[in-house]
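> Given chain A's structure and the hints, the job is docking chains B and C onto it.
Protein chains in written order, with the numbering used here: chain A, 1 to 270; chain B, 1 to 428; chain C, 1 to 291.
The hints are simulated quantities; they were obtained by calculation from the structure and are not laboratory data.
Hints may contain errors.
Below, computed lysine to aspartate or glutamate pairings styled on DMTMM-like, alpha-carbon distance capped at 25 Å [stated by the list, open to error]:
| id | chain 1 | residue 1 | chain 2 | residue 2 |
| --- | --- | --- | --- | --- |
| 1 | B | Lys390 | C | Asp62 |
| 2 | B | Lys422 | B | Asp185 |
| 3 | B | Lys422 | C | Asp202 |
| 4 | A | Lys37 | B | Asp185 |
| 5 | B | Lys428 | C | Glu53 |
| 6 | B | Lys179 | C | Glu138 |
| 7 | B | Lys428 | B | Asp185 |
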Amino acid sequence: MNRGLNRILLSTMGVVFAALWALPFIYSVWTAFHDEKYSANFQLGAPWTFENFIEAWQSAPFSLYFANTMILITIVLVANLILCTLVAYAFVRYKFRWAGFLFALIMVQLLISPEILIVENYLTLSRVGLTDTIIGIALPYLTSAFGIFLLRQTFLTVPKSLDEAAQIEGAGAWRVLWNVYVPLAWPVYLAYSLVSISFHWNNFLWPLIVTNSPEVRPLTVGLSVFATVDSGVEWSLVNAATLMTTAPLIIAFIIFQRQFVANFMRAGIK
Amino acid sequence: MTKLKSYATLLGATALTLTGAASVSAADLEFYFPVGVNAPAVETIQALTDEWAAANPQHTVKAVYAGNYEETTTKALTAANAGQPPQVAVLLSIDLFTLIEEDVILPISDIANSEEDKEWISGFYPAFMSDAQFEGKTYAIPFQRSTPVYYYNKDAFREAGLDPEAPPKTWDEMIEVGKALTVKDDNGNVTRWGTRIPTLGLGGAWLFGGLVVSKGDVLTTETGIEARMDTPATLASLEFLLRLAEEEVMAPGGITWGDTPKAFLEGQTASMWTSTGNLAFIEENAEFDWGVGFLPGGDGPGAPIGGGNFYVFQDTTEEEREAALDFIKFMTSPESAAKWSIATGYVAPRPDTWETPEMKAYAERLPQALVALDQLAYAEREFATFQRAKVTQYLVDAIESVVTGNAEPAEALAKAQEGADKILSEYK
Amino acid sequence: MNNRLSIRLAVIMLVIPCSLLVAFTHYPAIQALINSFWNNSSSRRPSRFSGIENYQALMEDDRLAQILINSTIYALGTIPLAIGLSIGMALLVNSRLPGTTLMRLSFFMPTMLPMIAVANIWLFFYAPGIGLASQILEVFGMPSINFLGRTDTALASMMFVAVWKEAGLFMIFYLAALQSVPTNLKDAAKLEGASALRVFWDVVMPLLRPTTIFVAVNALINAFRLVDHVIVMTEGGPNNSSALLLYYIYEVTFRQRDFAYGATLTVLMVCLLGLLAIVQYWVLNRKAHYQ
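Isolated chain A (complex conformation):
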């Protein structure tokens, strides 16, 4: 009896806590669907409207921003998958001097990420004339220390016997990589992809300083440009724009909740 009561109490507390936790977000969503005058006066029965979304969509080139973000995350992801695989493979399968030193050097990026060095990285980009381009935004992230770390851990778990067996069959380094290592690391690739997409969709500071034109601006920067105006802020509009820019990730998350969570967990455990 006591245990039952405990459970109910705990469950209620948990739900209340979760509700409070989600409150800012829920209210923001609610405001996006209602007229501006309700944004500071919550009224349960207020009429719903799509006006804010339409107006926000028309006030700034959000479709362009969407496209830019998609291009950006694709470039980064593809480059990451290829380059990190190569490096991890090299570390796992080959013995060479300075392997330890090189690995430590790479792991520095985990702590000193490209954003920390925005000043110099921006200067580097402007020297090669890649400021205000999408490839410029992607460049510092093409090789990811986190990706190398994850993949190396994963490749280490591949049984040597499989590798040796493939070699006996006459497979060269590339064949072995493609036929033995990559398939076995598949779940990790998936996990890493989710982490990478989520990170780069949401990245703000670096794209902010690299881009100046709407043509290459990703969603996060577009949203901030939209929300900072000299005249007063229209909250329902800003909230609508916020929701629009985050909706794809949110929807994807709700549908693939279980996989998302499982994959983030996997990325963490390893």
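This is chains B and C only, laid out in the frame that chain A set:
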């Protein structure tokens, strides 16, 4: 034979002349513009640009929406440093010294040097031209200028037994009126403040400039190397802000620019000090009777001016400059300026704009729009010096530290002056 | 594996990918150091060697002193709070109580949002008088608090925003760890008559140590790396009370266009992070030693 030859020569000569003529006057213009208001600004600019392009088919013009003011300046500077500047751009009037120091713009008075042009230049409001000039030359042409005004809730005035057609004119009146307007609930918490003056960030610094002007001083001069931060006027202004909080007319602590209009609309404050650019927003959303007045002043009316001007860049050809000048003339013409002003709430830069039928109708419909115009007579330039961002930060720090109760006005201003002088000493 | 690496393979597999990484991590760090000894160039004069002038300015910079204090408080505040909350959330979600799927959704959702969206949401929430926080306070008869307009609440408000965003992510890591706790260990403890609390404290917590270390490192990196909310919500104000180091670097370099001082601040930041890494390494090694 001779006939063919002469025919060919004629054809050749015609072709040469035509192409020659086309290349002499044809120009490709790139025009950067910022948007700083919640308004259909991008479409309006695009429409105006297209209108000019249609009337001038030998040129092409590409209007590039570059974000807010800060981004547009960065973009223009970056492009100029890379050797590919826009030919013309609308940038903050206070960026004048930065642009001059980086050596990317040229004086418009150098291009517009005919008698006609000089007359055209003199047709702008002098208040707007004051911050476009440096060392005797005109570097910029006003386009989207604004000035803050005092918005007040007439219904609230009536409730408090005040005359809704008599907004306060002086600081003392502001406090008196404010006290009557402040409403508290049963718990003793204020549900409506008398007034709301943004004090945080650059918005706060802008309004602060108005306070200083109303005490008979200015924050900076047209030399660009002088910052007058520690003066009796600035001291009096800070003390006024503190008094407003002490007398419970205004909320204590820092007040942001961004949500002030909303607070006014929600009845959280009976009056507010904000840009005339918010007129359209207030008109659309106010559910009460409202009016606009001059900013209440210390010794008399006073206000700062803000907004953006047209600049023409260096690294451009003769034809491009001519075309740019023509474009600017069109954009600041009465008809175009009327469209722009009505769409955004910015103050039109030339007196003759108000003669157009559109503006006359607008003024009739919204007489509040005329207040900013009348206030121009008492307005001064916004804070601008070389190394503007760095120097302004000292002022912002001083204001913020005082209104949040972390420093005394006198010491905060002295510190700000010290910092500013150190930076500007390099330029003297 | 004992295969030897041929030059050709080395170039493809190591040199090309790693040079990209080095170009944007190690090279800029060294460049920053070099640039910190020069002053700014403008179109009228090229930059000149200025020795330790920039570092002198660094020492005399009052704002920087305030900012370093802010950054320290920020890190020391957000890390334990995020860890504590996320462990609690993980325990809640891991228990077989009704409603845990919804709870998990609610806790993890902020992680999916970009920080800039989070900043807008909380800016709206914190707005004095008109935001949701004030509306709620009004219901309870309390005056509205000017969260972002007071120097004593601005930094704490920022910290809470950061924790709100990252606690959900850490919860996931703890969930993974909790689910891999062998049940026989817990059962054995329960057989011995230990209460739920004791089971947790003596059996589960030690097993969570590796996760806690991982989470703490992540939180530390984020505390320095993520300043989007400062840019959007307070711009470091009021009066620099919510400014963080990376935000200051951004403001100095890109708003005030002072690249030389920005490089100097970058050097400071890299040294700080390096120091933290060494301290962390030393602490972890010592702890491992005593295991």
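> Compare the structure with each hint and give your call.
Hints, one by one, checked against the model:
no.: 1; hint: Lys390(B) / Asp62(C); verdict: 14 Å, holds
no.: 2; hint: Lys422(B) / Asp185(B); verdict: 49 Å, violated
no.: 3; hint: Lys422(B) / Asp202(C); verdict: 61 Å, violated
no.: 4; hint: Lys37(A) / Asp185(B); verdict: 22 Å, holds
no.: 5; hint: Lys428(B) / Glu53(C); verdict: 20 Å, holds
no.: 6; hint: Lys179(B) / Glu138(C); verdict: 22 Å, holds
no.: 7; hint: Lys428(B) / Asp185(B); verdict: 56 Å, violated
In terms of the numbered hints stated before, the structure departs from hints 2, 3 and 7, listed from lowest to highest.
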